Amino acid sequence: MIDLHSLTIADTKKHLREKDFSAKELVTAYLARIEKLKYLNAFLTVIQDEAIKDAELADKKISQGEDLPLLGIPISLKDMYLTKGLRTTAASKVLENFIPVFDATAVQKLKDAGAIILGKNNQDAWAHGSSGENSDFGPTKNPWNTEYVPGGSSSGPAVAVAADMCLAAGGTDTGGSIRQPACFNNVVGLKPTYGRVSRYGVVAMASSLDTIGHFTKTVEDSALYLQVTAGKDEHDATSYPIEVPTYTKNMKKDIKGLKIGIPKEYFAEGLDKKVEKIVRDALKTYEDLGAEIVEISLPYTEYANACYYIIMSSEVSSNLARYDGIRYGNDRSTFGDEAKRRIMLGTFTLSAGYYDAYYKRAMDVRALLKKDFENAWKTVDVIAAPISPTLPWKLGEKVDDPLAMYLSDIFTITINLVGIPGLAIPVGFLDGLPVGMQLLGPYFSEEKLFQVGYAYEQVNKWFTHKPNLKI
Amino acid sequence: MKINVRHVAKLANLQLTDEEIPKFEKQLSSILDYIKKLQEVDTTGVAETSPTTDSQNIIREDASLQSLPKEDALAGSKNDKTGHFKVKNVLKKT
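Those sequence lines, one after another, are chains A and B. Counted from 1, the first sequence has number 427 at position 427 by this note's numbering; the numbering is strictly sequential. One gets this note's numbering by counting positions in the second sequence from 1 and adding 471 to each.
Treat the hints as calculated values from the structure; they're not laboratory data. Be aware that a few hints might be false.
Stated by the list, open to error - Calculated pairs, DSSO-like style, for lysine-lysine (alpha carbon to alpha carbon, straight line, at most 30 Å):
no., chain 1, residue 1, chain 2, residue 2
1, B, Lys508, A, Lys273
2, B, Lys559, A, Lys93
3, B, Lys497, A, Lys398
4, A, Lys398, A, Lys14
5, B, Lys559, A, Lys264
6, B, Lys552, A, Lys84
7, A, Lys84, B, Lys541
8, B, Lys557, A, Lys93
As the structure is a prediction and not an experimental result, all values here were calculated from the model.
Using the sequences provided together with the hints, build the complete structure.
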């Protein structure tokens with residue numbers, strides 16, 4: 001019997017190599033668990049036969065001594081990633097029967113690295129949402145309490161990792177869609193620097209904000225996964241031609257003398273006091289580890305949300321204009337409410353007479369937000385901040401109030417506007433629900449974020465805490 | 472601020488029902504009121520930012536590359552019997 005709860009990518013690789021179990025046994029165990037946990041609604045498509053075949057092939061390669069970075073590692077993918085020959089819906093009725101004819105670059109790289117894809121995960125349709133409830137195929141449930149939202153928009157991938165239905169899962173983060181569900185599920189979530197991972201073949205939401213990241217149980221696993229997906233891709237002009245470091249190389253170095261900035265605007269009104277206490281306890285741990293906590297200010301923070309909703313909606317209206325039902329997919333009458341709202345908001349802000357007042361102004365404010373962070377890096381190495389101002393809320397609580405839902409993203413969206421990386425790490429529990437914290441750094445500083453996240457994780461192994469699920 | 476939902480929906484090629492129009496009008500107007508906040512910011516002298524990283528004008532060599540086979544390109548369309556995409560009439564018959 002394989003103990004799926006305790007496995008990480010790092011030690012599964014060792015078990016497979018030492019033949020403690022085979023990839024086929026592992027995949028079979030995961031598929032059985034996915035079946036039993038169907039009620040969480042984390043998967044839209046499960047791949048049975050193909051995954052077993054892939055596992056047999058992985059076993060063959062292992063026995064031949066082949067060593068690929070993710071050989072035999074079972075993963076799942078948010079249904080935004082195009083997978084050749086495998087239905088990809090973006091959780092929208094528009095694409096309910098869409099079968100892609102090519103793989104996204106990230107998918108190709110994961111397959112080349114030996115990963116085994118178990119299925120496609122549920123999400124908010126088109127990645128529009130912060131609760132997972134905007135899926136056209138029903139909401140995903142939070143494994144820690146199934147009456148609560150798991151966060152969004154990458155709801156399924158976060159739950160799949162949290163509930164041990166796979167070892168890692170691919171997500172997308174346009175305004176917090178990886179970090180916030182990571183925070184609500186007690187898992188590690190990485191939003192890489194804009195351009196670090198190719199966006200090619202991933203359904204586009206807002207092209208200047210979209211990043212391709214992932215969920216894992218531990219920081220080390222997050223580094224191992226990014227090692228595979230990072231890099232310049234000729235199919236994505238915005239992927240950046242900067243060298244990919246060995247992410248685990250400096251991961252275990254201590255963090256003595258590290259300066260961690262605490263932006264006062266992120267610890268202000270609106271942040272739940274009890275959540276704040278847990279985040280501050282985590283900062284205390286960093287002090288104990290020899291880091292210095294420095295209070296900083298990011299003065300334009302209060303304008304970030306308004307700025308984000310203009311830029312995001314404008315780009316959404318442009319990207320979703322291609323869905324006309326002619327070349328593939330259903331026609332525009334099949335869009336759900338949230339997509340319609342964002343398409344209309346973006347169409348309005350880009351329309352004649354309003355462009356300067358909305359889009360142009362938002363882009364100017366975006367430049368000021370970037371400047372805030374440029375100034376911060378003069379005094380600190382990384383920044384630590386809460387991810388969600390509150391704990392997960394109950395399913396249904398905010399569905400009729402889009403503005404209230406949008407305001408739940410205030411601590412995450414700025415990072416996408418600026419384009420820097422953010423690593424979400426679990427920092428504790430409150431009333432049985434998880435709390436997370438994000439570590440932010442300058443462009444392409446993922447290596448540093450892994451080091452800082454790893455240091456904390458050695459002291460507090462929250463990933464060993466597991467939800468109590470009905471099987 | 473009030474938004475003309477009927478007009479915007481037409482621009483976006485979305486068909487709304489009579490019940491949807493007042494609902495979206497209310498929701499979108501409250502969002503627009505919120506984003507008005509940006510008008511407070513003094514942006515004099517700010518250079519508009521577009522790319523988040525500093526990359527600009529990324530071009531590749533002008534060479535022909537392998538593209539999708541015709542069957543693949545048409546695979547998702549509902550009518551591929553003729554080897555073409557089928558679209559609605561653009562011009563009206565007179």
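We went through each hint and held it up to the structure:
For a cut-off of 30 Å, the pair hint linking lysine 508/B to lysine 273/A stands: about 26 Å separates their Cα positions. Among the hinted pairs, lysine 559/B with lysine 93/A is consistent with the structure: their alpha-carbon atoms are about 21 Å apart, no more than 30 Å. Proposed proximity of lysine 497/B and lysine 398/A is supported: the alpha carbons are some 16 Å apart, at most 30 Å. Taking the CA atoms of lysine 398/A and lysine 14/A, the gap is near 44 Å; set against the 30 Å cutoff, the hint is violated.
With a C-alpha separation of about 56 Å, the suggested pairing of lysine 559/B with lysine 264/A is violated against the 30 Å cut-off. For the hint linking lysine 552/B to lysine 84/A, the alpha-carbon distance of about 22 Å falls within 30 Å, and the restraint holds. For a cut-off of 30 Å, the pair hint linking lysine 84/A to lysine 541/B stands: about 16 Å separates their Cα positions. Of the supplied pair hints, the one linking lysine 557/B and lysine 93/A holds, its CA atoms being roughly 21 Å apart against a limit of 30 Å.
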